[in-house]
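Go by the hints and put chain B onto chain A.
The chain contents come next:
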Amino acid sequence: MTSILETENSDNQTQKEITLIENILKKTGPSYTKYILGIGSVLTACLTIWLGLFITPKDEHLGNTVRLLYVHPPVAWAALYLAFGTTTLASLLWLWPKTRSYFWDKIAGASAEIGVLYLALTLVTGSIWGRTTWGVWWTWDARLTLTAVLLVLYIAYLAIRQLDGSDKTKANRNAITALFAAIDVPIVHFSVLWWNTLHQTASVLTPGLHLTVPLSMGLTMGLGFLCTTLIWGWMMKVRYDIELLKVVDSEIELQRAIMQRRNEP
Amino acid sequence: MTTNERLLKRRKLRIVIVLAILLVIFGALIYEGLTNSIEYFETASQAVANRQTLGTSDFRIEGNVIGSTIKRKNEETLFSISSGKTVVPVISNGSPPQLFQPGIPVVLVGHFAKGNGPGGTSLLFLSSQIMVKHTNQYIAAHPNRVKIVKN
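Residue numbers (my numbering), protein chains in the order written: chain A, 7 to 271; chain B, 30 to 180.
Among the hints, a few may not be true.
Stated by the list, open to error - Derived list of chain A stretches under chain B, where covered just means 3 residues or more per stretch with a C-beta under 8 Å from a C-beta of chain B:
id : segment
1  : 65-73
2  : 167-180
Said to hold, decoys possible - With a straight-line Cα cutoff of 30 Å, these simulated DSS-like cross-link-like pairs (lysine-lysine) come out:
id : chain 1 : residue 1 : chain 2 : residue 2
3  : A       : Lys112    : A       : Lys40
4  : A       : Lys112    : A       : Lys33
5  : A       : Lys243    : A       : Lys22
6  : A       : Lys252    : A       : Lys112
7  : B       : Lys38     : A       : Lys104
8  : A       : Lys112    : B       : Lys38
9  : A       : Lys176    : B       : Lys38
10 : A       : Lys33     : A       : Lys252
11 : A       : Lys174    : B       : Lys100
12 : A       : Lys252    : A       : Lys176
13 : A       : Lys64     : B       : Lys100
14 : A       : Lys104    : A       : Lys243
15 : A       : Lys174    : B       : Lys41
16 : B       : Lys41     : A       : Lys104
17 : B       : Lys41     : A       : Lys112
18 : B       : Lys41     : A       : Lys176
To be verified - Simulated restraints on C-beta separations:
id : chain 1 : residue 1 : chain 2 : residue 2 : range
19 : A       : Leu217    : B       : Glu34     : 53 to 61 Å
20 : B       : Gly84     : A       : Trp144    : 23 to 31 Å
21 : B       : Ile50     : A       : Leu95     : 21 to 29 Å
22 : B       : Lys38     : A       : Ile248    : 31 to 39 Å
None of these hints come from the bench; they were simulated from the model. Cβ atoms here follow ideal geometry from the backbone N, Cα and C, with glycine treated the same way.
For reference, chain A alone in the conformation it holds in the complex (with noise of 0.2 Å):
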């Protein structure tokens, strides 16, 4: 009697697994937020690269150097406001008790390596930008400085996410790490007013909001910032999916290992 039950039982359970299985792979394949996501950021890059290249003037200064100001600063606040905001805000959300959920953890470690690549590319493309203008290609004022460190605080925060303990603990490691790599991020912001540094202070966020740039430079940068934006929503979605199909490679695992009990003799 009682091992028919559990024979019941355990093809519920089968059942049940199957299900959720067949819900992950259903969610994760093609989908019109994917389509929409790529062929946008697809588009917005081809416009930003017309737009910037041969629409936009030169800069009486800085000539053609100008039209590095559609790149790094659009990279720039994807990494600062747009990816390490979100990692700030998920991991407040798993830490607040009401809306906790191991979705946050996860998108808190997708928008983070989004940011960490981001970042990467901010530095990259800011000292080339450095050489052709300052004469440098990097030199330790405070928000080049500072940006460095931003780099290292969310790459350690990556290596902590690999770190082992229960699903919670994890968590929990993760969000409060994730707190404080984010004390950095005001901090490269407001550099350039506290501080007497080589690096120009804002063109866009100026304390008041108004532009010191033209307004089709202006308007190519927004554009630049749409593009890094969904490139960034595209690579989320595509990482998350990442996270949910490594639950279904864990599920399979799990189900081959209790056939291989049930088999046995």
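What follows is chain B alone, placed relative to chain A:
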């Protein structure tokens, strides 16, 4: 409350306290370190006012290039920079970057020359490197205007 729960609560409290202390130290370090040594340069007027303490040691100075003063002499570039009412004459043996031009703000690495002024210096600044400091003001160039002038 069981002893287990109490222990757990105490451990949590301890972690929060340790984290809070770490945060305060981190903040204090950043504040201290940054306010004392993170100033990338001194403006020409700040530097002239601080000649007593600066002496002939290396630092970075910032000012606007006065257009009429630029002269090339062998490998050296001679010019003056101004910030506010202060004017500092400069001799630089570093080659100026492409963007170096009249009126542009620059940051120079170097030191005051020896002299009889405060701190044993003269007002002359000996520079080994010129960096152009771009402002956040972008101005669209007018290619048409240039063409008209050429014609």
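Comparing the hints with the structure gives:
Residues of the segment 65-73 of chain A with a Cβ under 8 Å from some Cβ of chain B number 6, which satisfies the need for three, so the listed coverage holds. For the segment 167-180 of chain A, the stated coverage by chain B is violated: 0 residues have a C-beta nearer than 8 Å to a C-beta of that chain, whereas at least 3 were required. Distance restraint check for Lys112/A and Lys40/A: the Cα-Cα separation of roughly 18 Å lies within the 30 Å cut-off, and the hinted pair is therefore satisfied. A threshold of 30 Å between alpha carbons decides the hint, and for Lys112/A with Lys33/A the separation of about 16 Å falls inside it, so the pair holds.
A distance of roughly 25 Å separates the Cα atoms of Lys243/A and Lys22/A; the hinted pair therefore holds under the 30 Å criterion. For a cut-off of 30 Å, the pair hint linking Lys252/A to Lys112/A stands: about 12 Å separates their Cα positions. Our distance criterion of 30 Å between C-alpha atoms is met by Lys38/B and Lys104/A, whose separation comes to about 20 Å. Distance hint between Lys112/A and Lys38/B is fulfilled; the C-alpha atoms sit about 27 Å from each other, no more than 30 Å.
Between Lys176/A and Lys38/B the CA atoms are separated by roughly 19 Å; this keeps the pair inside 30 Å, and the hint holds. With a C-alpha separation of about 13 Å, the suggested pair Lys33/A and Lys252/A falls inside the 30 Å cut-off, and the hint holds. Note on Lys174/A and Lys100/B: the hinted pairing is violated, with a Cα-Cα distance of about 68 Å set against a maximum of 30 Å. At roughly 17 Å between alpha-carbon atoms, Lys252/A and Lys176/A fall within 30 Å of each other, so this suggested pair holds.
Between Lys64/A and Lys100/B the CA atoms are separated by roughly 28 Å; this keeps the pair inside 30 Å, and the hint holds. For the given pair, Lys104/A sits about 24 Å from Lys243/A by alpha-carbon distance, which is consistent with the 30 Å threshold. Of the pairs offered as hints, the one joining Lys174/A and Lys41/B holds, with about 14 Å between alpha carbons and a cut-off of 30 Å not exceeded. For the suggested pair Lys41/B and Lys104/A, the alpha carbons sit about 19 Å apart, so the restraint of at most 30 Å is met.
Under the criterion of a C-alpha separation no larger than 30 Å, the hint pairing Lys41/B with Lys112/A is consistent with the structure, at around 24 Å. Restraint check for Lys41/B and Lys176/A: satisfied, since their Cα atoms lie roughly 15 Å apart, inside the 30 Å limit. For the pair Leu217/A and Glu34/B, the beta carbons lie near 57 Å from each other, so the given range of 53 to 61 Å is met. Distance hint check: the CB atoms of Gly84/B and Trp144/A are about 28 Å apart, consistent with the given range 23 to 31 Å.
Checked against the hint of 21 to 29 Å, the C-beta distance between Ile50/B and Leu95/A comes to roughly 26 Å, which is consistent with it. For Lys38/B and Ile248/A, the hinted distance range of 31 to 39 Å is satisfied, since their beta carbons lie about 37 Å from each other.
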